[in-house]
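Chemist: Under my numbering, the residues of the sequence shown are numbered 3 to 342, in order.
The hints are simulated quantities; they were obtained by calculation from the structure and are not laboratory data. Don't take every hint at face value.
Dumping the calculated PhoX-like pairs for lysine-lysine here, alpha-carbon to alpha-carbon at most 20 Å [claimed, not checked]:
{"no.": "1", "residue 1": "Lys-34", "residue 2": "Lys-102"}
{"no.": "2", "residue 1": "Lys-281", "residue 2": "Lys-332"}
{"no.": "3", "residue 1": "Lys-115", "residue 2": "Lys-102"}
What follows is a set of in silico ranges between Cβ atoms, one per label pair, in the way DEER data are often shown [claimed, not checked]:
{"no.": "4", "residue 1": "Ala-111", "residue 2": "Ala-311", "range": "45 to 53 Å"}
{"no.": "5", "residue 1": "Ser-4", "residue 2": "Gly-40", "range": "46 to 54 Å"}
{"no.": "6", "residue 1": "Ala-111", "residue 2": "Ala-303", "range": "32 to 40 Å"}
{"no.": "7", "residue 1": "Thr-152", "residue 2": "Gly-40", "range": "38 to 46 Å"}
{"no.": "8", "residue 1": "Gly-93", "residue 2": "Ser-4", "range": "19 to 27 Å"}
{"no.": "9", "residue 1": "Ser-38", "residue 2": "Lys-102", "range": "23 to 31 Å"}
{"no.": "10", "residue 1": "Asp-63", "residue 2": "Gln-212", "range": "31 to 39 Å"}
{"no.": "11", "residue 1": "Ala-17", "residue 2": "Thr-152", "range": "35 to 43 Å"}
{"no.": "12", "residue 1": "Gln-212", "residue 2": "Lys-102", "range": "16 to 24 Å"}
We put the beta carbon where it would ideally sit given N, CA and C, even for glycine.
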Amino acid sequence: MSSMDLVKTAAAMVAEGKGILAIDESTGTCQKRFDSIGVECTEENRRAYRDMLLTTPGLGDHISGAILFDETLRQATADGTPFTKVMTDAGILPGIKVDKGAHPLAGAAPGEKVTEGLDGLRARLEEYAELGAKFAKWRAVITIGENMPTPGCIDANAHALARYAALCQEVGLVPMVEPEVIMDGEHDLDECYEVTEATLRSLFSELYEQNVLLEGTILKASMVISGTKASNRAGVDEVARATLQCLLNAVPAAVAGVVFLSGGQSDEEATAHLDAMNKLGEFPWPLTFSYGRALQAPALATWGENPAANVAAAQAKLAHRARMNGLAAKGEYDAGLEAA
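Please construct the entire structure, taking both the sequences and the accompanying hints into account.
Modeler: So, in structure tokens, the structure goes:
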């Protein structure tokens, strides 16, 4: 794939009023989600659940792409149609999670992690491209705590993200780089801002060193937000303004787009924050969403009540959340629409 093809794909991922559906949960994470609704986490049940999500009528109206897990990229609908074909026919780009998860960082403070998976990545990416993937995702984990994060932890994760991104572009996949600043903790808005800015500055320095084409790269960013256990948590407008200021200070204008992770926010909270940012004006990059739980949660709960009978009802829940976030990506969301 040429540089222009990478740019074209990246632009399609952040098309106006559209965002990314993240359904790349590992088997272990999927087990926890299914346990919460009383559904056995078998391969067939995971396939049926992703089938329900990906065949939602009109999903492509507000979803430009979906991040899949390795297992899902290889699966098909009940009638044998590969998920990649279902997605492509609906105008949804197939994506793939390629990292091997966050593990303890040697020599670092307890609790600091680095994401692994660079070994053998080139061959895996080549296979994923052959299977129909158009973009990939790699997630780093940055934790705020006592004496954390250290510069060493931030830089180690930024370097891994940059090497991954360069390998993606080598085989024609758009890299989605995700340096997630974890929301858990007692930190306030200012501390989250500080850590997020330092993380982004390190990331883009490393991307530059690895000759990554920014116009063919998507940033999956955390919002600058108070920790879940913080007292006097910042409101929606404060989060929106702090997040935008941080991005403007640290993210080059050449980046193709910014998609936000929900990171433990409630469904409507994540939508409201995205909308508030887009209501603030024009920015160098499109600002949209790449939500997992904040898109899936209502559909998962409804499907889990009766997986065989509740497919259409669960799909309606997903379609609604996709539409709400599509409006938020244009600054046109209104909480009153939730009851409509």
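Chemist: With reference to the structure, classify each hint as holding or not holding.
Modeler: Consistency of the hints with the structure:
For the hint pairing Lys-34 with Lys-102, the CA-to-CA distance comes to about 18 Å; that is within 20 Å, so the pair holds. With a CA separation close to 8 Å, the supplied pair Lys-281 and Lys-332 stays within the 20 Å bound. A hinted pair counts as satisfied when its Cα atoms are at most 20 Å apart, and Lys-115 with Lys-102 qualifies at roughly 12 Å. Take Ala-111 and Ala-311: their Cβ atoms lie about 50 Å apart, and the range 45 to 53 Å holds.
For Ser-4 and Gly-40, the hinted distance range of 46 to 54 Å is satisfied, since their beta carbons lie about 49 Å from each other. Between Ala-111 and Ala-303 the beta carbons are some 37 Å apart, a value that agrees with the proposed interval 32 to 40 Å. About 41 Å separates the C-beta atoms of Thr-152 and Gly-40, a value consistent with the hinted range of 38 to 46 Å. Gly-93 and Ser-4 have their C-beta atoms about 22 Å apart, which keeps the hinted 19 to 27 Å range intact.
Evaluation of the 23 to 31 Å hint for Ser-38 and Lys-102 yields a pass: the beta carbon distance comes to about 25 Å. Taking the beta carbon of each, Asp-63 and Gln-212 are about 36 Å apart, inside 31 to 39 Å as hinted. Distance hint for Ala-17 and Thr-152: a CB-CB separation of about 38 Å, consistent with the stated range 35 to 43 Å. For the pair Gln-212 and Lys-102, the beta carbons lie near 19 Å from each other, so the given range of 16 to 24 Å is met.
Against the hints set out earlier in the document, no violation occurs for any number.
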